[in-house]
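Protein chains: 6
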Amino acid sequence: MRVIAGPEKKSRVMSEKERLVTAYHELGHAIVGHLLPNADPVHKVSIISRGQALGYTISLPTEDKFLTTRAELNDTMAMTLGGRAAEELIFEEITTGASNDLEKVTETAKQMVMRFGMSERLGPRVFGHDRGQPFLGREFNSEPDYSDEVAREIDDEIRRIVEEAHQTAAKILKEKKGELDTISQILLERETIEADEFVALLDGKSPEEVFPPDEEETEEPSEAAAEKGSAREGARPRVQPKPGLAGGGAAEMRSDEP
Amino acid sequence: MRVIAGPEKKSRVMSEKERLVTAYHELGHAIVGHLLPNADPVHKVSIISRGQALGYTISLPTEDKFLTTRAELNDTMAMTLGGRAAEELIFEEITTGASNDLEKVTETAKQMVMRFGMSERLGPRVFGHDRGQPFLGREFNSEPDYSDEVAREIDDEIRRIVEEAHQTAAKILKEKKGELDTISQILLERETIEADEFVALLDGKSPEEVFPPDEEETEEPSEAAAEKGSAREGARPRVQPKPGLAGGGAAEMRSDEP
Amino acid sequence: MRVIAGPEKKSRVMSEKERLVTAYHELGHAIVGHLLPNADPVHKVSIISRGQALGYTISLPTEDKFLTTRAELNDTMAMTLGGRAAEELIFEEITTGASNDLEKVTETAKQMVMRFGMSERLGPRVFGHDRGQPFLGREFNSEPDYSDEVAREIDDEIRRIVEEAHQTAAKILKEKKGELDTISQILLERETIEADEFVALLDGKSPEEVFPPDEEETEEPSEAAAEKGSAREGARPRVQPKPGLAGGGAAEMRSDEP
Amino acid sequence: MRVIAGPEKKSRVMSEKERLVTAYHELGHAIVGHLLPNADPVHKVSIISRGQALGYTISLPTEDKFLTTRAELNDTMAMTLGGRAAEELIFEEITTGASNDLEKVTETAKQMVMRFGMSERLGPRVFGHDRGQPFLGREFNSEPDYSDEVAREIDDEIRRIVEEAHQTAAKILKEKKGELDTISQILLERETIEADEFVALLDGKSPEEVFPPDEEETEEPSEAAAEKGSAREGARPRVQPKPGLAGGGAAEMRSDEP
Amino acid sequence: MRVIAGPEKKSRVMSEKERLVTAYHELGHAIVGHLLPNADPVHKVSIISRGQALGYTISLPTEDKFLTTRAELNDTMAMTLGGRAAEELIFEEITTGASNDLEKVTETAKQMVMRFGMSERLGPRVFGHDRGQPFLGREFNSEPDYSDEVAREIDDEIRRIVEEAHQTAAKILKEKKGELDTISQILLERETIEADEFVALLDGKSPEEVFPPDEEETEEPSEAAAEKGSAREGARPRVQPKPGLAGGGAAEMRSDEP
Amino acid sequence: MRVIAGPEKKSRVMSEKERLVTAYHELGHAIVGHLLPNADPVHKVSIISRGQALGYTISLPTEDKFLTTRAELNDTMAMTLGGRAAEELIFEEITTGASNDLEKVTETAKQMVMRFGMSERLGPRVFGHDRGQPFLGREFNSEPDYSDEVAREIDDEIRRIVEEAHQTAAKILKEKKGELDTISQILLERETIEADEFVALLDGKSPEEVFPPDEEETEEPSEAAAEKGSAREGARPRVQPKPGLAGGGAAEMRSDEP
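Residue numbers (the working numbering), protein chains in the order written: chain A, 16 to 273; chain Y, 16 to 273; chain V, 16 to 273; chain P, 16 to 273; chain G, 16 to 273; chain Z, 16 to 273.
This is chain A alone, in the form it adopts within the complex (with noise of 0.2 Å):
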C-alpha cells in the first residue's frame, strides 16, 4: 500500500522550511556518525524524499560483523539522536520527524538493559519473556516476569542511556556548528553528498574543490546504492530489531503522512 502510494507522494513538494530542517537533520546524523569512533562510516547523505523517508543518512560498516559491544551501541544511538540534536540546536525548536529515531534509540537502550546484560546496576541478565517467537503459546501468559521495583530501575537505565547519548550528539553538534550551517547549505543545493564528498567538506574543503565544476550536475542516487540500502531496511520489520543495526543502514527523517 505504502509502496503504491509512494509515487503519488513524491509529485507533493516539500516546503522550503521543511527541506532546510532535513538537511540540519541528516548532517546531525552524519557528523556525530562520523566523529564517533564506534558508529559505522557515513556512506551518503540525502534530501531526496523515498517513501515516508524525507532525507536519508546511510552508514555502512566496514567488514562484516558478529558481535556488537556496548561502545559501538552507545555510538550508533548518539548518532541515530543527531537528528532530533541539530534540530535542537539549530531551530530550537522538535518536529515530529524524529520519531523513527526515537524507536531506535528506545529498542537498543531497552535491549542493552534487558538482553545484553550492559547495565551494571541490574547485572548480567535478562528480563522479560523473549519475544521472538510471538505464537506459541507461552506469550499469551500474562503473569508478570519481574516487580515493579525492578520495571522502575529499567526504566531509570534506559533514560540514563538515552540521555547520555543524546548529550554525546548534542555536545558533538556544538563544537562543530560552523560546519553543520555550511554542510547543509551545501547539501540543499546539491540534495545528495556521498562519503568522500562529505568527509572533505568536513575537513574544511571549498565546495569547488570538492565538486569539480565538469561533475557538477547532481548524480541522481544510483539504483544500486539505494538498493543496498534499501536491502538493509528490509530487515527492518522484523519482529525484534538486532540492535547493531539499530543506526546503521539508513537513519531517516520521517515524514507524519500516512
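Selected chain Y positions facing chain A (Cβ under 10 Å, derived; list incomplete): (1) Glu-78; (2) Met-127; (3) Pro-139.
FYI, nobody ran anything at the bench for these hints, they're computed from the structure.
We put the CB at the ideal spot given by N, CA and C, even for glycine.
Chain A is already provided as a structure; the job is to place chains Y, V, P, G and Z on it using the hints.
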C-alpha cells in the same frame, strides 16, 4: 447505521440555546486558531449540523506538510480547546459536546510525550508498543512496557501540556470576548461564515461592510468544500491519528445523540 | 427468556411491605426530579410491575436535546439516587432494588470525569480507551492507559460527584417528607399517577381535588406511553449509555428475581 | 458425571466422627437461622448425604420476595457461617466442609459492597464490570475499573461485613451451646429433623414429647421436599448468584471428595 | 510419551550418591508422617524408580474420608516437606528432587487460606475465582478479585503455614536422626520396606528381627499395591487438587530428567 | 530458514578482533568450569563457528544424573557467566555475544527460587503457575499468583544468586589471567582444543608438550562429538529448560546476525 439515521436527525430541531452554545463553541475554535501563529488558518465556520456534528470549524494548512513542530501541535491543541473555553467563559457551564475535542487533545498530548519525545522531562525516547499493527501477535503481549512511576510522569506531562493549551485558549478568548459575542450573533443569523468574512469581522468590520446586501442570502455550504472537509474527516477512523491533523480538518461540536 | 418468563412472574404477588417500599422509592425519584431545575420533568409514576421492574418513574425532556450540561447530569444523578434516598429516610434500611440506579449513576459520573472533562481537578482530557468499538483489535490491548495515581484521582472525583448527588437528593426529601408520605399512600391505592396529578398533589391539592369521583377508576397505563418509555428503555443495551439519558426514560425499582 | 458417580459414593460409609461434625455443622446453620429475625425460617435439617453434600439445612422464605434488605443479607450470612462457627465452638478445629458456605458469604458481601451500594464508606455506586454477559466483547477488556486504593477499601468492607456475620453466629451458638449439644445428638440418631420438630426441641421439649413412640421410625426425606430444595439448588450454576438466596435453599456440608 | 520413554530410563543407572539421597528423602517423608498424629499412616517406602519418580512413599488413610481438618492438612504438609528436611539435615545441601513436594505444599497452603478460610487473619471467606471451570467465559475476566494489600497478606499467611510445616518436619527428623540413618542404610540394601517392617524398625527392632533370613530376598513391589498407589496418583492431573490428598498417595522423589 | 541460511554465513569471515574476543569468551567458560568442583568437566573448546554460534565450549557430566544440587546449579551458572567475565577482564568492554548465556543463567536462578525452593528467604514453596502445559485453559488466567512484594523479593534473590555466580567467575579468571592469555592465543591458532589438551595446558604444559609436531594439523571437529553436543543442544527449544543442563551441553558465543 449512523449514515442511514442521518437524514432523520436533520429533521429534528436544535433549540435556540443549543444553537447559541454551538455558535460560541465554534467561534471559540476559530478565534483561538486565527490568533495563534502556528495553527492552520480558519477556512469556514458553521452551525449547520452535519451527521453527528452540530457545527464545525474547518481549518486548512496553507501548504502540504510533512513535518509538524511542537509549536504547531501546541497551538492546534489550544485551538481545539477553544470551543470548551468559550463555553466556560460565556455560560460558566460546560456541555457534553466537546468530548471529541477532548479526545483529539488527549491523543495529541499523549503522542507528543510518548511518540515524539517532546517532553524534556521524559527525554528523547518512545513509550509503549506501537499500536499501528494490532494483529501482529506482539499486540497480545500484555507485559508492561514501563513502570508505574513512568506512567505517573507521563500522566503529569500530558496534564501539563493539555492544561497549558487550555489556558492559552482561555486567555485569548477573555481578551477577545467582545469579538466573540459580536461574531457569534452574526453566525447565529447567517449560519455559515467564510474565511475572509471571518477575518474581516475579527478586524472590526461591520456586518454591513462584510456582507453587502446583494449577497445577503446565505449560500449553501458548497459540496466541494464539504467534500474536502469530509475527505480529511475520513482520516479519523485510522487507529493512530496523525497529530498534525489533530485540530485541522474540522473541529466539530458533537451531539450526544447516537 | 426474560420476556417469556414475564407473565409467570406477574402472577406472583408482591408483599404489602414491598409495595410500600416501591411506592416510596418511585416517589423519591419523582419528587427530587421535579424539584431540581435541570432534570427532565416527571411524566408518570407507577408501582405496576413491568418485567423485572417493580415500579417505574418515567421522565421526559421537554424538547429534543443534542447537548447535555454538567448541571443537567448532576440533577439527573440526584433524581436517580432519589429512590435509594427515600428508602434510607423512611425505613432507615436499604434494599437490593436500587442496583440499576447505582449502575446508571456510576456510569454517568465516570463519563463526566473520563469522557467529558467535567472534573476541574483532572482537566479537559479523556481517560481510557473508547469502548465503543470492542472488536477492533485495539481492544485486546491491555496496556494501561493511565497510572494508578490517576486512577485514584478518578475514583476520588467519581466518589465526590456521586456523593454530592446523593446529598442533594437526601436534603430535598428530608424537606418534603410530608409530601413523600402523603403521595406514597395515594400511589399505593391508585398504583399509577400521571404528571399533572403528581404536580397537583405536590402543590398540596387533596386527592379529592386531583381525582374527581367520576374519574376514580384507575386507567391502564396507555400502550402509547408505555411504548415510548419502552422505546427509551430500548436504548439501555447499548455498550456506552448516553449520559443524557442516565436518569431519563424510566428509573425502575428492580426485583432481584432473575 | 457427578450424578452418575453419586450412587457409588453412597455405598461408602461416613465415619462416626464425620457424622458428628456434620450434625453440629447443620445445627449451627439451623439455630443461628432460627434466632435471627431476618433469615428465612428453617424447613428441615438432615445428615443424610445427597450427592456431594454430607448434610443439609433447608430454609424457605415465608412468601415470594422481590427485594432483599441489608438486614436480611446480614442475617443470612450469619446463618451461612453458623456451620463453621459450630465446628469452632465444639471441636476447636475446622474442616474443609465449609468451603461452599464461605463462597456464598464472600459473594454476598462482595455484592453488597460492589453492586448494591450497601457500604456507607464506599457510597451509592457500583464497582467493576457487570459479569452477567461474559461474551459481549466488553468482557475481554482488561482495563481496570478502579484503583488499587479502592480495591483495598472494598476488601476492608468485605472483611468487616463477613467478620460481623461470623461474630453474630459465634455469639448465638455460644449462648445456645446446650441446645446445640442436645439436638445434635438427636439429629445423629434420627438423621432428619423437620421444621416443627426443630422448633419444639429448641423450645426445650424432650425428644419423647417431640417424637411420640408410634412415629418413631425415621421417615425417608420426602421426594417432594427434596425436589423443592433441589430446585433451589438448581440455581447455583448461575454466573451471578442472587444474594437473596445466598443462605436460603440448602446450606450444605460439603465433602471434599470429587 | 512419558510412558513410552519410561523403560528406556530404567536401564540408566542411578549413582550411589543419588540412591543415598533418595533413601534419606523417602525416609524423611515416612518418619515425619508416622510420628505426626494427623497424617495418613505409611504403607510402603521404596527407592525403586517408577517413571519420573526415583523413589516413593505411599501413605493410605485408615478409612474413607469426606472431611479434612486443618490439623490433618498441617501434618500432611509437614510429612510432604519431610523429604527436603532430611536432605538438609543429612547433606546440608538440597536438590531439585523435591519440586513436586513443594508444589503440593504450596497448593495446600494456598487452598487453606484462599478456599477453606483456615487463616484467622484473613477470616472465613474465599479469595480469587474458582478455577474449576476454566472455559466458562468468566475465566477470561482479568479484573482483579482482591487488592495487592490482600495479596500480600495471603502471601504472608502461606509463608507462615509452609514455614511451620517445614519446622515441624525438621524438628522431628533432628530428634530421630539415629533412626533416619539406620533405616536409610536398610532401605539402600532392601530397596523397599513395607508398613509393618517400617514400624518395627522405627521401634528399634534390628534388621535381623524384622527380616528373618528365609524372607531375605527382596520382593518385587506387588502389582496390586503399585496399582493402588498409581490409582491415587491418577488424581494428580485434576485442575484443582483436593487438599486431603496433598501428601497422601505417593510422595515421590522426582528426577529432573524429562 | 536459519538452517538453510547457515552455509552462506560460513562463507563470511569473522574479523581477527571477533575471533580474539570469542577465544577469550570460550576459555572463560572452560577455565571457570574446570576449576569449580560442581560444574561438569570440559569436553572441548572451539572457535569454529556452528550456525549462530561463533564458538562453543562443550561440557559433559561424568555420569547420568537424576538430581541436581544447589551447589551444581551455582557452579554451572558461574561457568556460564565465565565468558562475559573474561570479556570484562581482558577488554574492559562487553559485547552482545553473551545474551544466550544470560538467558540460561536467569532461567536457572529463577527456577532455583521459584520451582526448587532454594532461597532460604522465600522458603520451601513454588511461585507462579507451572508453564509446562500452556494450552490447558488455566494458562489464560491472568490472576496474579503472588503479590508485588513477593515479586520484589524474588527479584532480589535472583539478583543475589546471579551476582554471586558472576563474582565467582570474575575472581577465578582474575587469578588465572596468565593461563587465560596463554591458552587463548593457542586456541586462536588451533581453533579447537580437546579436554585432555586443555587440562594439560592449564597445568602449565607448553604447547610443544601438548601438541607433538606429528599431530600438529588441526583435526576437524569429529562428527560424532558434534552430534553428541548437538543432541544436547536439541534440548533447548523445550519450553521449560531443565536447570541441570543450564550450562552443560554447549555454552556458545552468539552472533547477533539472524
